[in-house]
Every structure is written in C-alpha cells, then in structure tokens.
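4 protein chains.
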Amino acid sequence: MTQVFINGATDAANVREHDSLDASIQELIRAAAEARNHAYCPYSNFAVGAAIRTSDGSIYTGCNIENGAYAVSICAERTAAVKALSEGKRQFVACAVVAQQDNGFTTPCGVCRQFLAEFASNGRDIALYAAKPTNLPLRVLCTSVLQLLPNGFSLSSSK
Amino acid sequence: MTQVFINGATDAANVREHDSLDASIQELIRAAAEARNHAYCPYSNFAVGAAIRTSDGSIYTGCNIENGAYAVSICAERTAAVKALSEGKRQFVACAVVAQQDNGFTTPCGVCRQFLAEFASNGRDIALYAAKPTNLPLRVLCTSVLQLLPNGFSLSSSK
Amino acid sequence: MTQVFINGATDAANVREHDSLDASIQELIRAAAEARNHAYCPYSNFAVGAAIRTSDGSIYTGCNIENGAYAVSICAERTAAVKALSEGKRQFVACAVVAQQDNGFTTPCGVCRQFLAEFASNGRDIALYAAKPTNLPLRVLCTSVLQLLPNGFSLSSSK
Amino acid sequence: MTQVFINGATDAANVREHDSLDASIQELIRAAAEARNHAYCPYSNFAVGAAIRTSDGSIYTGCNIENGAYAVSICAERTAAVKALSEGKRQFVACAVVAQQDNGFTTPCGVCRQFLAEFASNGRDIALYAAKPTNLPLRVLCTSVLQLLPNGFSLSSSK
Ligand SMILES: [Zn+2]
Ligand SMILES: [Zn+2]
Ligand SMILES: [Zn+2]
Ligand SMILES: [Zn+2]
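Residue numbers (full-length UniProt numbering), protein chains in the order written: chain A, 1 to 159; chain B, 1 to 159; chain C, 1 to 159; chain D, 1 to 159.
It is worth saying that the hints were derived from the structure and are not from the lab.
Heads up, some of the hints might be wrong.
Stated by the list, open to error - Reference excerpt, derived from the structure (chain A facing chain C, CB under 8 Å, subset only):
#1 Ala23
#2 Ala69
#3 Tyr70
All figures in this text were calculated on a predicted structure; none of them were measured in a lab.
Even for Gly, the Cβ is constructed at its ideal location relative to N, Cα and C.
Sequences and hints are given; from them, build the entire structure.
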C-alpha cells in the first residue's frame with residue numbers, strides 16, 4: 001500500500017477505505033459533501049462541508065462561512081454543531097468533514113476541536129471522519145475529537 | 001413617558017411598544033424568545049435567543065453556545081445566521097435578539113455586527129429588533145445592522 | 001472640497017488633514033504605520049498597523065497576525081491593546097489604525113470595536129484615527145470607539 | 001510516585017519536577033507566573049499567564065484578557081505570541097503557561113494551539129510547559145505545540 005500523508009504526517013493506521021465503512025458513516029460523509037456546496041468562502045476559495053450525527057440519529061450539516069474580518073469566520077464543523085445545539089441536541093456521536101486539499105486530509109482547526117470537545121467530556125468521545133469529496137478510490141481518516149485535542153483545556157476543573 | 005436606557009444611553013426615539021409592531025416582527029421576536037430556551041451558557045448563565053427572517057420569508061433561530069475557552073463561544077445571532085447560510089439563504093431581512101438585562105436592551109456584540117454586516121452590503125440593510133423576554137408592557141429597540149456598525153470594516157474595497 | 005468616501009459612505013465632517021492634527025496624534029499614526037511592517041498576512045496580503053496611547057503617555061503598537069484557520073487571526077488593534085493590557089495599562093486614550101484600501105479608510109472590525117469598548121466604559125471614550133500609509137495630502141478619519149459601536153453590548157448590566 | 005492527573009488523564013511520563021528543568025525553562029515559567037498578575041478576567045476569575053521564548057533568546061509575556069462578549073476574549077498564550085510577532089519575531093522556541101486548576105495542568109485551548117502551530121511548521125516544533133503557580137513541590141507538564149494538535153489543520157497545502 002502506498003503511504004498516505006495527512007498534512008505531512010504518515011498516519012496510515014487510521015486511514016480506511018470509504019467502502020469499508022458502516023453505511024451510517026458513509027451517509028454522514030455524503031451529507032457533509034452536499035453541505036459543502038453552500039460554503040461562503042470568497043476570501044479563501046476553500047470550501048468545507050461538515051455533518052454531525054446526534055445520539056437520536058439525526059444529522060445536522062454545515063459549511064464554512066467567511067468574513068472580510070477573517071477572525072469572524074465560522075467553520076463548517078461549528079456551523080453543524082450550533083445547528084444541533086440550538087435545537088436541544090447536545091450528544092454528538094460522530095462528525096464528518098469534507099474538503100479538498102492535495103497534500104492530505106482536512107481536519108478540524110483548533111477552534112472546532114475545542115468547540116466540539118466541550119460536548120465530548122464525561123467519557124463520551126466523538127468519532128471524526130475526514131474525507132475528500134472526489135478522489136477515488138476514496139479513503140477516510142478515522143479519528144476522534146479527543147484524539148485531536150490531547151490533554152484538552154477545560155474550565156470545569158477550576159470550579 | 002419614562003426614560004428608556006439602552007446600555008446606559010437614552011435612545012427613546014428607537015424604542016417602540018411591542019404591540020405596535022407588525023405581526024411578522026412580533027412573530028420573529030417570539031421565535032427568538034423560544035430559541036433562547038436552548039441556550040448553553042453554564043459559564044455566564046446569560047441566555048440569549050435570536051431569530052433571522054430571510055428574504056423568502058423563512059425564520060432561522062439560534063441561541064448562544066458557550067465554551068470553557070471563552071473565545072470559542074458563539075452568540076445566538078451567529079447561530080441563527082449560519083443556519084440560514086448553510087441552507088443557501090444569504091439575504092437577511094430582519095434579526096430579533098431576546099435576552100434579559102436589567103439596565104437596557106441586549107444588542108448584538110461587535111462580532112455579530114461584523115458577521116451580519118457581511119450580508120448587509122449593497123444597500124440591503126438588516127432590521128434589528130432587541131427585546132426582553134418578559135417585562136410588560138414589552139418595549140423593543142428598533143435599529144439595524146448598519147446603524148450598529150457605522151463606518152464598517154469591509155475587505156472588499158481593497159481588492 | 002472633494003467628497004471623501006469612507007467605505008462607501010460620505011463622512012466629510014470627521015475627516016481632517018493630517019498636518020492639522022496635534023503632534024501627539026501624528027506621532028501615534030506614525031507609530032501605527034511603522035508597526036504595519038511586521039504584519040503577518042500571507043492569506044489576505046492586507047497589512048494593517050495600529051498604535052494605542054495609554055493614559056501615562058506610552059505608545060503600544062501592533063499589526064495583524066493571520067492564521068490558516070481564518071477565525072484564529074488577530075487584528076492590529078487587538079495586538080496593540082493586549083500588549084498594553086499585559087503590562088497593566090488599562091486606560092486607553094487614543095488608537096490609530098493604518099492600512100491601504102482604495103475606496104476609503106480602514107476602520108476597526110466589529111471584534112476590535114467590542115474588544116476596545118470593554119475599556120472605554122465609565123464615560124471614558126477612546127479617540128480613533130484611521131489613516132492611509134502613503135496617500136498625500138494625507139487625510140485622517142477622526143472618530144471614537146463608542147461612536148463606532150453605538151448601543152454597545154456589555155455584560156456588566158446583567159450582574 | 002503518586003499518580004498525576006492532567007485534566008482527567010494520567011500522563012506521568014510527561015511530568016517533570018520543576019527543579020530538574022533547565023534554568024532557561026525555569027526562567028520562562030517564572031516570567032509566565034509574573035505576567036499572570038496582569039490578567040483581566042472579571043468574568044471567569046481564572047487568571048492565566050504565559051511566556052514565549054523566541055529564537056534570539058528574548059522572552060515575551062502575556063496574560064488572558066476577557067470581554068463581556070466572551071468570544072472576544074484573548075488567552076495568555078496568544079497575547080504573548082502577538083507581542084513577539086508584532087516586533088518581527090516569528091521563531092518560537094518554547095512557551096510556558098501558568099494557571100491554577102485543582103484537577104490538572106492548564107494547557108492551551110484549541111485556539112491557541114492553532115495560533116501557535118502556524119509558527120511551528122517546517123519541522124520546528126515549539127516546546128510547551130504547563131505549570132501551576134504555587135503548588136510545591138512544583139511539577140511541570142512538558143509537551144509541545146504539535147503534540148497538542150495532532151494531524152493539525154493547515155491551509156498551506158491547498159495552495
Ligand atoms: Zn474550524
Ligand atoms: Zn455576538
Ligand atoms: Zn479587528
Ligand atoms: Zn487559548
């Protein structure tokens with residue numbers, strides 16, 4: 001098997017063939033890919049889609065929304081998450097992220113990791129699938145929110 | 001009439017009785033008040049709801065979602081906005097914000113003003129209604145996104 | 001006199017000739033222009049400099065620092081402000097912003113307005129000068145933080 | 001040796017006795033602890049200090065600066081970083097973070113990890129030391145920016 005580079009790092013152990021994943025995960029990745037079409041990214045031209053599965057089986061989707069003041073931009077993962085949260089769904093089972101970068105998989109940025117980790121505490125981790133929209137045969141980076149934010153910051157322990 | 005203080009400033013000219021507003025505006029404020037119930041605000045205990053009317057007549061609602069890393073928190077207005085945007089709705093007609101502060105109306109923070117202003121350009125301003133959830137007789141601060149962000153920053157003119 | 005456009009709006013009343021300003025203001029604008037040279041902006045190529053005068057007469061400078069995750073970017077104004085604050089200076093007298101946009105003056109984004117307004121309360125407003133780095137004869141938009149964030153959001157009144 | 005919990009996780013392998021660290025690291029931790037005294041944290045009452053060593057041996061310090069609009073808050077690590085960057089220093093060797101949480105070490109939030117990782121690319125990682133201000137005997141969590149942001153997001157590979 002050829003080496004798979006994930007943003008410069010070899011991480012073949014966590015990369016799976018798309019067709020080998022559960023149907024529910026393939027469905028989540030497909031939802032993220034479709035949501036990507038609504039991205040508002042006139043500054044970067046870098047479109048991202050995301051989809052979150054909540055514990056009741058629902059799927060909430062999102063895309064990145066940029067702003068002329070870059071700091072105000074919101075990523076696809078957080079868009080999907082606030083949609084679920086604003087409807088009272090706080091238990092996230094899995095999150096899929098879809099974007100096209102040549103050198104590797106597009107993973108959540110640090111802001112999104114921190115945002116999602118707030119709802120991954122108490123032993124409930126959130127599965128994280130990073131995929132590309134078109135490359136065939138499609139492979140998927142399979143990881144989790146807590147794996148992506150080791151030794152995570154949490155305010156709760158100071159109270 | 002008694003003076004109305006808006007975060008310390010008297011602004012009686014822009015304050016209207018709730019019952020005098022159009023039915024569609026009252027509906028928007030009611031939607032914001034209901035969305036407020038889903039707020040995730042364990043750090044501030046300050047719940048905010050928002051609702052956005054898009055040009056096709058739809059209403060998208062949101063609440064504030066806080067994070068132990070305060071900087072990662074997302075306000076109710078942006079939650080409502082990304083929901084609309086992620087479904088392809090980019091023309092916002094009006095936004096209602098509902099929260100309870102004793103000294104005045106709760107207006108959008110600077111981040112939300114900047115976020116909304118990105119979609120208020122080209123002469124299309126967005127009406128902004130700030131209301132409290134319970135105080136009767138209910139009064140509403142009526143303003144707009146561009147009024148709240150005078151001389152706004154935009155990256156477009158540098159291109 | 002020719003019309004002066006400020007991000008599309010005519011605001012001639014607040015525009016002054018650079019040479020007519022106090023020497024201390026000219027010094028602040030010059031400091032902002034110099035700080036602009038350190039901008040890290042590989043994504044927008046839009047460099048901004050800022051300088052803040054604190055109540056003890058000191059000047060703190062900043063530039064914008066961008067990030068591949070756009071939301072993580074920090075503006076020049078906030079860079080200057082946290083430098084002052086981290087050395088215990090919380091009373092800001094004036095802030096200068098320098099950048100080059102063809103269509104008008106570069107004003108602080110909503111995030112920076114909100115950030116600065118936290119330290120402009122209690123009746124102490126902060127003068128705000130927006131200038132371009134090179135255009136001669138140099139004109140300067142003269143405004144203030146509270147003018148740029150009318151009916152500002154503040155959490156204090158909820159406590 | 002008793003178990004050391006780091007935000008709930010045992011990570012004894014990366015925890016060192018303060019007195020066993022290099023003098024330059026102890027100096028960095030001390031600078032972070034002193035900077036913590038300038039924290040502006042009226043909303044969380046959670047003070048954090050940070051210090052960054054740049055490749056020329058200089059130390060830049062920072063503290064957290066909060067805002068009534070929580071999203072606008074800036075952490076200690078980013079305050080220290082923008083100070084260095086705004087003076088043209090882009091090569092960070094090490095970062096120390098000091099705060100008091102009973103249950104474990106205070107590590108950088110996801111935003112700060114993403115911010116610092118922008119300057120940790122090209123094989124140059126940044127050492128990260130998390131310490132408490134007072135507990136004796138003082139122990140220090142020793143890690144790095146890239147360890148804290150595995151499979152990090154970067155926009156560069158899309159260009
Ligand atoms: Zn993100
Ligand atoms: Zn807001
Ligand atoms: Zn700004
Ligand atoms: Zn942080």
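Structure-based check of each hint:
This hint is violated: Ala23/A has a C-beta 32 Å from the nearest C-beta of chain C, more than the 8 Å allowed. A cut of 8 Å between beta carbons decides the hint on Ala69/A: the least distance to chain C is about 3 Å, and the hint holds. For Tyr70/A, the shortest C-beta to C-beta distance to chain C is roughly 4 Å, which falls under 8 Å, so the interface hint holds.
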